[in-house]
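Use the sequences and the hints to build the structure in full.
Taken in sequence, the protein lines are chains A and B.
Heads up, the first sequence is in the numbering used here, so the first residue is 1 and it goes up one at a time.
Heads up, the second sequence is in the numbering used here, so the first residue is 1 and it goes up one at a time.
Honestly, the hints are just simulated from the structure, not real lab data.
Glycine residues also receive a C-beta, built at the ideal position from the N, C-alpha and C atoms.
Incorrect hints may have been included.
Claimed, not checked - Residues of chain B placed beyond 12 Å of chain A at every Cβ, according to the derived structure:
1) R86
2) T239
3) A385
Unchecked claim - In silico lysine to any residue, SDA-like type, Cα no more than 25 Å apart, as pairs:
4) K128/A - T135/B
5) K128/B - E125/A
6) K128/A - R123/B
7) K128/A - S119/B
8) K128/B - P138/A
9) K128/A - A361/B
10) K128/B - A359/A
11) K128/B - T135/A
12) K128/A - D363/A
13) K128/B - G360/A
14) K128/B - S314/B
15) K128/A - A124/B
16) K128/B - P122/A
17) K128/B - R370/A
18) K128/A - A136/B
19) K128/B - R132/A
20) K128/B - R370/B
21) K128/A - R132/B
22) K128/B - A361/A
23) K128/A - V366/A
24) K128/A - A165/A
25) K128/A - H365/B
26) K128/A - P122/B
27) K128/A - A165/B
28) K128/B - R131/A
29) K128/B - G358/B
Each chain is listed here by its residues.
Number of protein chains: 2
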Amino acid sequence: MTDSWAAFGADLHIEPAGGGLRSGLTNALREAVRTGRLTPGTRLPSSRTLAVDLGIARNTVADAYAELVAEGWLTARQGSGTRVARRAGVPEPVARGARARRVPRRPVHSLLPGSPDLSAFPRAEWLKAARRALTAAPDAAFGYDDDPRGRIELRSVLADYLARARGVYADPERIVICSGFLHGLTLMGRVLRRRRVRGVAVESYGLDLHRDLLTGAGLRTPCLPVDELGARTGELGGTPGVGAVLLTPAHQFPTGVPLHPDRRAAAVDWARSSGGLVLEDDYDGEFRYDRQPVGALQGLDPERVVYLGTAAKSLAPGLRLAWMVLPEDLVEEVCEAKSGFDRMSGMTDQLTLAEFIGAGAYDRHVRAMRLRYRRRRDQLVDALAERAPDFRVSGIAAGLHVVLELPEGTEQSVVQAATWQGLALDRLSRFRHEDAAPGRDGLVIGYGTPSESGWAGALDALCRVLP
Amino acid sequence: MTDSWAAFGADLHIEPAGGGLRSGLTNALREAVRTGRLTPGTRLPSSRTLAVDLGIARNTVADAYAELVAEGWLTARQGSGTRVARRAGVPEPVARGARARRVPRRPVHSLLPGSPDLSAFPRAEWLKAARRALTAAPDAAFGYDDDPRGRIELRSVLADYLARARGVYADPERIVICSGFLHGLTLMGRVLRRRRVRGVAVESYGLDLHRDLLTGAGLRTPCLPVDELGARTGELGGTPGVGAVLLTPAHQFPTGVPLHPDRRAAAVDWARSSGGLVLEDDYDGEFRYDRQPVGALQGLDPERVVYLGTAAKSLAPGLRLAWMVLPEDLVEEVCEAKSGFDRMSGMTDQLTLAEFIGAGAYDRHVRAMRLRYRRRRDQLVDALAERAPDFRVSGIAAGLHVVLELPEGTEQSVVQAATWQGLALDRLSRFRHEDAAPGRDGLVIGYGTPSESGWAGALDALCRVLP
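Given below as structure tokens:
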């Protein structure tokens, strides 16, 4: 928090030249932050001072500052001036697949997987639901909740919704609300450790964040190969010491395969015969485009499958709302594990989501988004067929991303080329388990991520960088 | 989830008699749940069936069910019928001082400390702020937040507010939003352990929940005596292996003493000379009645004091919003510790609170509540002076509770008498550290807890049970 204003003037040699004073100054400052010449927390001179120093109009400086504040490079606060944003040392975001990274050019477009179209959040409908929910809430709802499972209003409508839309055997009594999927997985990690489980099998492709979380809970995470029928659940019996398996049955992440019916049965059979548990990560089960969604695996055996759903893809990650549907005999253990600061989640969003689902707004939103994503999926598949007809596209039936196979040895260079073009892309190998067999080169293309207005540009940028 | 309907009919001998059929039936059922004859999860017969069995009108049964659902004894869901609410085995709530307990009669009044008047939550103002906040929010706010410190909008207004209202040296860059005070304390526990701190001194009166949380993080919690000037911080030097001290300087919980200026200085001196930290729990610092609030201890040395504030008392616990103001060199470590599922909190309430504070609604609400609580405090003190003139009342200058000293050996019997009268009360000894010297008998009377309409009745009930 030291004022390095003197150092600023002496060291930076800001030379706003070429292509307009304002953009020249903006670029120079952005470059200085990116390269670390201006360190996080550094206070910049006032716009007046810098304008005098550089012999330009004060408004030009103020505009450049404002732009960089809007872009997130600087922060401004009344009374404390303009400072370099504090990015250094802050951990990376926990988005499914989305990662902050240092890039040569600030990405203009993102096709990283893991985010829905945030511009589509139904703000007006959400606020309407909030109004109804908070107006009707009993006073006690504003106090300490005495049920670690979360608000009964939300658990009740979720039970109906999940039964109807996802084929989940659900009862409000066995639903536990949590603050995101990671919270649910954390709780399960604690419960499994207390049950003396030593390992949780994970798919050979998935998020390292999930593996790390389980490892952090003291659990091994042996790898279950994924092929064109999904995870090879028939091999579960051959991995000793494993008490649970984490699966993405509706739409394998990131390869996009739905788990084959035989494999679904094999997972449940293994759980029954071994006393194990299946953790079903149903992160985007609502989005299936060419036929009815595949019902949840949980319906096959509600006493052996823990269902984990989330509002992160269907509505917005920023709500931090997810839910577990538990086997009857796990409810108390999970409540017990949820007994620290995480015992209760905020009540306003819980009650609002309950109202939002109950009034049919959730169904309407999911339906509208399904149409939007299907249209994007179709455009993406068409564009790829024209631009790169020899590359296989898979995982197109559902979800918010596809996998595009690339020629051997080109993955890294394509991602790099994209980065230089201002397009953020994820390579397939980033999601590969360290013990997995080597796999094909590919891209994981998240077509849900752009805003509606940014989608066409993102698709164009993708086509430009393909080999 | 077994259907014990047959057992229900056979075992219960429901005999709705006397004082009206409906209330008789309601009482009989409530009693059956309370005594455990009807176990949690048990499904009750349909109102039609029970009406036939008992030979009474179906509406009578339906009304009794509805009443017990409203009271929380039963739950009802379309399609799954009416069941006994699941209370057994659910951990106790984490309210400051408020505890669920089995009582011979369901409490009609509560004077337990730890809750504000929930009926006063400013719903309309909050909804207005939510509308402005969500309308103005950038799309990115609905995504994964890349800053574990929380939304900058909230940190900015908090910095201004805390400086103005609590004398905190605050900068948005060193504020971290958390999901309640317990979350902040959990994060500090992790950081202190990583710094190889072995113990955190705590006041000889306080919440066992806080001690347990620190113990759970692997820290010892030696006890610092509290007297009429507050915690004896001068004795900190004599407790080896202690790297931090948890204090409630504005209004000691629960004794109500503000920490004496000399003791404040001694705490900071100890932290400076030993390299230790002061954790300042400012849970109700806004509520001081007879003069200006005592400024936060943090202002004395922002690099040695961790300030912890919360919206739980000023607005509502159900929001799950609290904040830490950290020494500069702790920011990165706390962000690092906040890297699991708790990395980000829900954005809607953060943005709404930012708008609520920014628009002045928070100030207005706190002012209105301060008047309300002061009036109650005056009425309580007057009533006690009349009803029990020989008993000392302390901690009346601030906060939402007072301590009433009782004659030696009467504490337990007064609380029991209150319980039988339907009045929930907390005894002072419940908050005493296990290593503390034996202390006086007393009651901790939370006068913030009742609703405005319930306050007079609660006060009457209190006067009736005093010795």
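Compare the structure with the hints numbered earlier in the document and write down the numbers of the violated ones, lowest to highest. Numbers 1, 17 and 27 - these are the hints that the structure violates, sorted from lowest upward.
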